[in-house]
Amino acid sequence: MLASDIQVAQNIGFGIIAAIMILGALRVVTSSNVVHAALSLVAVMAGAAAQYLLLAAEFVAVTQVLVYIGAVMVLFLFGVMLTRAKLGKDVDLNNDKGWMLGAPVALLMLGVMAYVLIDGFEDTKLPAGAVAKIGAAQNNALSDKIFSAYALPFWALSFVLLAAVIGAIVLARKD
Amino acid sequence: MFASETESAIHESAGWFLEHAWLIPLIPAIAFFLIIFFGKRCPKGGSEIALASMGASLVIAAGAAYQWIDRVGASAEGEAGGLLRGFFGAGRVAEGEGEGEAAGEVVHHLEPVIRGQRWFSIGDLEVGIGSHIDGLAIMMLLLVAFISTLVLLYSTEYVRGDRRYTHFFASITLFSAGMLTMVLAPNMAQFILGWEIMGLCSFLLIGHWWEELPNAKAALKAFFTVRTGDMGLLVGTGMLLAMFGTLDIGGEHGINTQAAAFVGDHKTLALAAIALFIAAIGKSGQFPLHTWLPDAMAGPTPVSSLLHSSTMVVAGVFLVARLYPVFQVGLDITVAGNHFNLIAVIGGITILIAAGLAFVQNDIKKVLAYSTVSQLGYMMMGLGVGAWVPAVFHIFTHAFFKCCLFLCAGSVAHTGSHHSFDMKKDMGGLRKKMPITFWTWIVSTAALCGVPFFSGFFSKDEIIDSAHGNHYTVFFIVGLVGAFLTTAYMTRATYLTFFGKARGGAAHFVNEHEDHLHEPAHDEGHAEAADDHGAQAHDDHGHDDHHAPITHGKPLPFAPDDSPWQITVPLIILGTLAVLSGYLNAAPFHIEKMHEWLHSSIGVTLPEAPVFEWVNALPSILLVAAGFAVSLYLSKAVFGDAPSPLKGLTRRNSLLGAGHKFLVNKYYLDALYENVIVRGIAYPISRAAYWTNQNILDGIVNGVGKSGKRTGELVYKYIDQGLVDGVVNGSGATATGAGGALQPVQSGKVNLYGALLFGAAAVGALVLVLVNS
Amino acid sequence: MLVNNFLLLGAVLFCIGVYGVIVRKNAVLVLMSIELILNSVNINLLAFDQMHGNNDGGVFALYIIAVAAAEVGVGLAMVLLIFRNRKTISLDDLSEMKG
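Chains as they are written, first to last, in my numbering: chain A, 3 to 177; chain B, -11 to 761; chain C, 5 to 103.
Incorrect hints may have been included.
EDC-like mimics (lysine to aspartate or glutamate), calculated; alpha carbons at most 16 angstroms apart, straight line [what the hints assert, rightly or not]: (1) B:K32 - B:D112; (2) C:K91 - A:D98; (3) A:K147 - B:D58; (4) C:K29 - A:D98; (5) B:K255 - B:E199; (6) A:K147 - C:E75; (7) C:K29 - A:D94; (8) B:K581 - B:D112.
Residues on chain C that point at chain A, a partial pick, calculated with CB under 7 angstroms [what the hints assert, rightly or not]: (9) V16; (10) L17; (11) V22; (12) I26; (13) V27; (14) I41; (15) L50; (16) F52; (17) M55; (18) V63; (19) Y67; (20) A70; (21) G77; (22) F87.
None of these hints come from the bench; they were simulated from the model. Just so we're clear, the structure is a prediction, and the values are computed from it rather than from any experiment. Every residue gets a Cβ at the ideal spot worked out from N, C-alpha and C, and that includes glycine.
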């Protein structure tokens, strides 16, 4: 296979996944059924994991699947159930006239960001052969970074997680 | 290779104590954990651990000080001729020779002893933890360890029986550890660490008796006010990191060296200096963030004493002194023809403002608090006019006499006035009953006022003199006026506390015959009463606004007498030092030891201190005498027994009354912060946002044109809201009922907050894009 | 492959997430929208990682995933607590923060 073929295949793959993600994301914020919204979020997360693979970050992709789809989504579904949300349609999920505030703000942000990105990066290409880089070597490099240069944030993060675990237990415990 | 040789050369010369200075903060820090975990099981509730750890720190600090002085001496001898006061001395033999330092670059007399190891690293930036020892650090270490030890000893008696006795000692130990960490800091990261530990502990200590609402509020106020300033520390440190690429303070490539050699446009350096100075303003209670300091009196007296003498509040001054090259270069201090700079101006304003406030306080601790603020103003002003050594020396002398004054106030409250700090209601006439307290108070007051031959005279007068010598005429005058005011308010406080007729609960005993008190039975009874009293009622100290009905429940009117030895011993030691400490740098006698030990820490070249002449000191001495005389006359007239036309003058004369009220209300600064800034800025924004929400958004809906019914509803809403808005605008504060409906944009509606946040970010980004394209 | 493919995808997801945060009233749905925002940031980070050829972006993407997990845990615990006390998780009814 030629390198250009790979590029074409990647581009097509990217397009399909991106379309799924955007549609899913829109469903998350518009659906009138909480469970549907949560399942759409799963689609977005899975799409994001696929995008990470395209970006040659396989370890992050696997983590994404494990943590987000495996754990966070289950948490969300628990949250939905425990707060006894209606499992069918629910009209009372959005603010009245909320879209009138949300849409302009979101569109304004999108406009500014799109302008800046297109202006700033024009047609900067990602280095070719990204796919070839996938492998153990890259994971080694990643772990080296985590435990050398970025050890302090890692350390801090472990405190955050500990605090979150304790905090969640304290908050959710029934007294 | 050369560097390593240099290092080994210095390594050999530094002694054990200098090498192991890191133990000084570490021991109290470990003691903190010991007290927390095991304190309650100890026979004395953990106070013995605190005292032992602080004593150990003191011993090491003293050893380090001895070795440092030795080092200074050795360096002076090496200089063939001992040019101590020159500003061009050669460094140690190992240093400087191979490098050929350029002319005009700052040459250190004496390299600091910097030791440390890597603490953490982020990317390429390595941050160490360790010790940076030079004259300034040594002086502060010794001071902090010494004062902390005495205060801990004092506390063992003062807070005896308190329900959080162990926690008190734990916090105060950690507090000292924080200050010691900060003083030793070789880089800004460790500096911030110590700074923040202190901030936290000051919160815990000021709010020690948090069951009383005012105490809890005072703790919060102190914390938030200081925090406001702390932002400056982070911003300033970040700017220094960006400019110099290092967090190290000293050393060859440290911030100080680079700042001192800074050439070219120093706008960024000036901004960094201003940011750091904001932090110093917050921590050191300078105008306009001084309002937390008097409220911090809500803490137990030993805490006030520690906070206000050698730790917390001098941290800001220490920051300026430590990073002096940054400030000196950034803010153009002592540049010819420059008569003002930020530091001197803030310091000068603080001196006058705080001294004015001290006149109208009835609470003895608040008088002292404002006096501290005022003296901190002197230190800042000293740094601002280029009088580095006198300013730092003033930290040193001030620590002793101010600590002593606070402990005296505590002693008076402890055994003299039934736990009240109100001079007008519960004190007076205690002179004969509490001789030790009285005499140490008098000595410290004399030192504070700058009476010749007491310690304050040598440091304060040197600052004033330098202001004159460095052509800061305005600040010279400010310093003189400050000296006058200081004497006057301290005379007033002394008169109210120790002279005149006794008032309050103790009056009965004081005004009786003296020998009555010396009956043994009575003495015993008193001791017992005092003990019970201590056990039960200590959590009632220090809240100033609530002393009216003091009923501690115990056989209350006990006889005022001098306090137990745990209290009097620190008083005597500190009182002695309030006199003697001045003779370490007594210009009139050509003693310049302090200068000799410290000046290698300055990091930049400052103008020579003016030669002392009695003629120059005359104005301040005369003003001190005048302040004493005027204030004594007024105090006698106003507070004395004899009828006088001056009594109640503030009530009769409207102008004086207005001035009095202005001072009592602290120049309305608190009101300014609360009402104008918080309400004035936060509320209009929320109101505007609400208006936008109601009018514009609804207007859009209106314009889009929904069904007729809906339009009607919206119009109703519009009118309704408009009406309510009008009521608010019209009648402002009175419309409390409408008020609830009217601050809605602090509506608690999370979505709206989110929309405002993201909208503002988007608009901000848009503006940036438009500006840059 | 253009960098902008990924960056623009990130931007679109981000704005959809912002829209969700503003519009949704149900607290669980707001948390989901926040997850969208966090994911969009991760995509950006990894795109830049790939562009510069070092692993810094990947490291931070991992950290963000961890923080997001913590955030969801605490967030949902709070939602549960609120639900237990108030029998509702509609953000409109929660106005204790009113000033």
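Status of the hints after comparison with the structure:
1. B:K32 - B:D112: Violated, because 49 angstroms separates the two Cα atoms, which is more than 16 angstroms.
2. C:K91 - A:D98: 21 angstroms, violated
3. A:K147 - B:D58: Roughly 47 angstroms separates the two Cα atoms, so the pair is violated.
4. C:K29 - A:D98: 9 angstroms, holds
5. B:K255 - B:E199: At roughly 48 angstroms apart (the allowed maximum being 16 angstroms), E199 of chain B and K255 of chain B break the hint.
6. A:K147 - C:E75: 24 angstroms, violated
7. C:K29 - A:D94: Holds: K29 of chain C and D94 of chain A sit about 8 angstroms apart, inside 16 angstroms.
8. B:K581 - B:D112: 42 angstroms, violated
9. V16: 6 angstroms, holds
10. L17: Holds, about 5 angstroms.
11. V22: 5 angstroms, holds
12. I26: 4 angstroms, holds
13. V27: 4 angstroms, holds
14. I41: Check failed: Cβ of I41 of chain C comes no nearer than 10 angstroms to chain A, outside 7 angstroms.
15. L50: 5 angstroms, holds
16. F52: 10 angstroms, violated
17. M55: 6 angstroms, holds
18. V63: Interface hint status for V63 of chain C: holds (5 angstroms vs cutoff 7 angstroms).
19. Y67: Holds - the Cβ of Y67 of chain C comes within 7 angstroms of chain A, reaching about 6 angstroms at its closest.
20. A70: With a minimum Cβ separation of about 5 angstroms from chain A (threshold 7 angstroms), the hint on A70 of chain C holds.
21. G77: 4 angstroms, holds
22. F87: 5 angstroms, holds
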